[in-house]
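Quick note, the sequences are listed as chains A and P, same order. Residue 191 in my numbering sits at position 191 of the first sequence; the count goes up by one each step and never skips. Residue 62 in my numbering sits at position 62 of the second sequence; the count goes up by one each step and never skips.
None of these hints come from the bench; they were simulated from the model. All of these numbers come straight from a predicted model, not from anything done at the bench. Careful, some of the hints might be misleading.
Stated by the list, open to error - In silico lysine to any residue, SDA-like type, Cα no more than 25 Å apart, as pairs:
id: 1; chain 1: A; residue 1: K238; chain 2: P; residue 2: P167
id: 2; chain 1: P; residue 1: K274; chain 2: A; residue 2: N231
id: 3; chain 1: A; residue 1: K147; chain 2: P; residue 2: P167
id: 4; chain 1: A; residue 1: K160; chain 2: A; residue 2: R186
As the list claims (entries may be wrong) - Cβ-to-Cβ under 8 Å is the rule here; a few derived chain A residues that face chain P:
id: 5; residue: D22
id: 6; residue: D87
id: 7; residue: S89
id: 8; residue: F96
id: 9; residue: A135
id: 10; residue: L136
id: 11; residue: W150
id: 12; residue: T165
id: 13; residue: V168
id: 14; residue: G223
id: 15; residue: K226
id: 16; residue: L229
id: 17; residue: M230
id: 18; residue: V246
id: 19; residue: S252
id: 20; residue: L258
All C-beta atoms in this analysis are idealised placements derived from N, C-alpha and C, irrespective of residue type, glycine included.
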Amino acid sequence: MPNILVCYKWVLDEQDIKVRPDDLSLDASRAKGKISDFDRNAIEAASLLVEAQGGNVDALAFGTQALKLSVKDVLSRGPNRLTWIGDASAEGADAFVVANVLAAAIRKAGPYDLILCGEGSSDMFFQQTPVRLAALLGLPCVTFVQKMTWADGVLTATRKLPDCTEEVRVAGPAVVSVLGEMNKPRIPSLKQVLGAAKKPSEELPLSSLGLAPGDLEPRAVRGTPKGFLMNRRNIVYKESDAAANVAQLVASLKAEGL
Amino acid sequence: MAGIFVFSEDPALARQLLTPGLELKAALDQPLVALTPSRDEAQTLAGLGADRVVVLEGPGTPEALAPAVAALVAQAGVVLVGGTLRGKHLAAHVAAALNAGLTTDAKTIRAEGGRLETTRILYGGLAVCEESLALPAVATIPQRTFPPPAPTGASAPVEAAAVTADPRVEVLSTTPVAGEGVDIGAAPRLVAVGRGFGAKADLDLAVDLAGALKAELACTRGIAEDEHWLPVERYIGISGQTVKPELYVAAGLSGQVQHMVGCRESKVIVAINKDERAPIFEAADYGIVGDLYTVLPLLTAALKA
Ligand SMILES: Cc1cc2nc3c(=O)[nH]c(=O)nc-3n(C[C@H](O)[C@H](O)[C@H](O)COP(=O)(O)OP(=O)(O)OC[C@H]3O[C@@H](n4cnc5c(N)ncnc54)[C@H](O)[C@@H]3O)c2cc1C
Ligand SMILES: Nc1ncnc2c1ncn2[C@@H]1O[C@H](COP(=O)(O)O)[C@@H](O)[C@H]1O
């Protein structure tokens with residue numbers, strides 16, 4: 001029975017972030033947190049696997065203190081136990097730093113048979129963390145996985161490549177990054193939500209991981225983000241008469257020379 | 001040996017990488033080395049300004065290629081990798097091996113003050129930011145970000161390096177993706193469909209409209225990846241294609257930023273959606289609020305008239 005770890009990131013919902021038209025800065029004051037989209041697929045994949053054949057699922061996250069808000073949500077989706085590292089430095093972290101932190105935590109809590117990640121985080125979309133993590137832990141990594149099964153310590157996974165899909169078999173521990181189309185994440189039931197409150201979660205201080213200062217220094221330093229402003233005509237035809245709307249649109253397209 | 005290294009298994013992308021590669025070569029005064037899994041492509045790259053070309057001979061899986069490339073670029077200043085799925089896996093492994101920073105999908109790239117300065121998008125395309133990377137540095141670069149360089153008339157030496165399989169990952173079977181080889185990026189007009197279409201057969205409405213407009217069909221990620229109604233090469237967005245047609249007609253799609261980032265440089269964007277508050281109307285020049293099942297046939301007929 002597999003011992004599985006799911007790594008998830010707690011991100012701001014990008015649909016709530018607004019661009020200030022005057023200086024193109026981002027206004028995230030109304031943005032709520034969410035479990036990064038494809039990490040919900042990774043959690044679901046792990047939960048389905050152990051619900052079918054037994055085993056254990058742990059969850060791990062590195063972020064700021066805002067991670068506290070994620071505890072119930074994550075645990076109601078299946079994992080038995082959560083470890084989280086909350087530190088302000090997570091804000092400016094690049095994938096080099098994130099992977100160093102996660103790898104150090106896994107060395108403490110592991111070993112795991114399977115480490116599942118999403119294909120990319122919804123906010124940064126580095127698409128690096130799982131591969132870096134595998135390299136640091138000396139494990140193979142199967143990326144962009146659409147389908148997977150586990151039997152007798154052997155993972156069989158279908159991964160996407162530019163021109164084909166490949167079915168691969170990995171014996172022994174591995175890191176996997178899952179695609180969004182792998183499954184439909186559950187909406188936790190009331191029972192699952194109530195059950196989550198009883199599950200253990202532990203905050204690990206960053207300083208307890210034994211990392212050197214250089215391990216926590218981003219190699220890619222991010223500047224201040226600048227919002228992209230749509231500059232479009234926004235002419236909308238919304239009469240009740242569909243034919244009239246169509247006629248107006250066709251006239252507009254003609255005027256555009258199209 | 002120090003150097004600017006470029007790698008892509010995609011021939012067109014491999015050539016395009018030489019353009020920023022040549023700029024970095026000039027700025028950092030390091031030789032430009034092209035790595036390729038294809039012996040045929042090696043000859044082409046050798047005539048496009050690379051100082052040296054290395055053919056990677058062996059399996060083309062990410063886990064086999066990545067350590068082979070990491071070994072070849074151990075002393076690199078900069079490594080540029082084509083941003084395909086295979087390339088992204090490989091680049092992350094190389095960056096980990098070099099303890100280096102990696103910009104994903106760099107839009108611009110230049111060397112300055114002994115660092116690599118790049119720009120990329122965040123929050124699904126809502127924002128852009130700069131990244132400043134210590135050397136050695138790695139970047140992935142999407143398709144069509146740069147044009148290929150002109151042939152030099154010279155031909156650089158071509159060598160070979162062996163790639164060995166990773167015994168831990170066994171490939172059981174390979175299924176080619178049923179693509180049609182259509183280059184959606186080259187189409188001057190596109191009709192894009194989303195989840196507003198209730199069934200695959202209903203896409204005929206969009207096919208008819210595309211016929212009347214002389215347009216190609218495109219779609220959102222869900223239509224390609226979840227429903228498999230259209231091939232993946234037709235989906236637009238941050239994880240799909242980037243297009244800049246003169247006309248982009250978006251029917252029954254909500255217009256979320258992860259999709260729009262792939263088409264927002266279109267000259268004219270038209271939206272057809274039954275929900276007046278759908279974000280697509282903010283991103284469109286012209287829109288019709290209405291049911292696509294009514295509007296599309298009317299529009300097709302009006303265009304044919
Ligand atoms: C990290 C990440 C990367 C992503 N990358 C991509 C990407 O590359 N490309 C991409 O497309 N998406 C991507 N997505 C998904 C994206 O966020 C949206 O979920 C997706 O684009 C929405 O697809 P849709 O518009 O088809 O569906 P929906 O959002 O469900 O929209 C359907 C629309 O159809 C309208 N509609 C319904 N019925 C009718 C009708 N009868 N007539 C007219 N209108 C109707 C509805 O009002 C609605 O606006 C990504 C998401 C994440 C988190
Ligand atoms: N701070 C984090 N904490 C835990 N897991 C993370 C974190 N950042 C990234 N991941 C995992 O790595 C995947 C890819 O993220 P990224 O490399 O940022 O695109 C995510 O889907 C998560 O599974």
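The hints, checked one at a time:
1. Only pairs whose Cα atoms come within 25 Å are accepted, and A:K238 paired with P:P167 is rejected, the gap being roughly 61 Å.
2. Simply put, P:K274 and A:N231 have alpha-carbon atoms about 22 Å apart, close enough for the 25 Å limit, and the pair holds.
3. As the CA atoms of A:K147 and P:P167 are separated by approximately 21 Å, the hinted pair is consistent with the 25 Å bound.
4. Taking the CA atoms of A:K160 and A:R186, the gap is near 24 Å; set against the 25 Å cutoff, the hint holds.
5. Annotation: A:D22 was flagged as interfacial toward chain P, and the flag is violated, the nearest CB pair being 15 Å apart, outside 8 Å.
6. With 8 Å as the threshold, the beta carbon of A:D87 stays out of range of chain P, its nearest partner Cβ sitting at about 20 Å, so the hint is violated.
7. For A:S89, the suggested interface contact is broken, since its CB lies about 16 Å from the closest CB of chain P, more than 8 Å.
8. Interface restraint check for A:F96: the shortest CB-CB distance to chain P comes to about 6 Å, inside 8 Å, so the restraint holds.
9. Here the hint on A:A135 is kept, as its CB sits about 4 Å from the closest CB of chain P, short of 8 Å.
10. Satisfaction of the interface hint for A:L136 is found here, the shortest Cβ-Cβ separation to chain P being roughly 6 Å, below the 8 Å cut-off.
11. Hint status for A:W150: violated, given a least beta-carbon distance of 15 Å to chain P, over 8 Å.
12. Proximity of A:T165 to chain P holds as hinted, the smallest CB-CB distance being about 5 Å (cut-off 8 Å).
13. Contact between A:V168 and chain P, as hinted, is supported at the beta carbon level, the nearest pair being about 5 Å apart and thus within 8 Å.
14. Interface restraint check: A:G223 against chain P, minimum CB-CB distance 4 Å, threshold 8 Å, status holds.
15. A hinted interface residue such as A:K226 counts as satisfied when its beta carbon comes closer than 8 Å to some beta carbon of chain P; here the least separation is about 5 Å, so the hint holds.
16. Because the closest C-beta pair between A:L229 and chain P is about 10 Å apart, greater than 8 Å, the hint is violated.
17. The criterion of a C-beta within 8 Å of any C-beta in chain P is met by A:M230, whose closest approach is roughly 5 Å, and the hint holds.
18. Annotation: A:V246 was flagged as interfacial toward chain P, and the flag holds, the nearest CB pair being 4 Å apart, inside 8 Å.
19. Hint status for A:S252: holds, given a least beta-carbon distance of 5 Å to chain P, under 8 Å.
20. Using the Cβ-Cβ criterion of 8 Å, the hint placing A:L258 at the interface with chain P is satisfied: the shortest such distance is roughly 5 Å.
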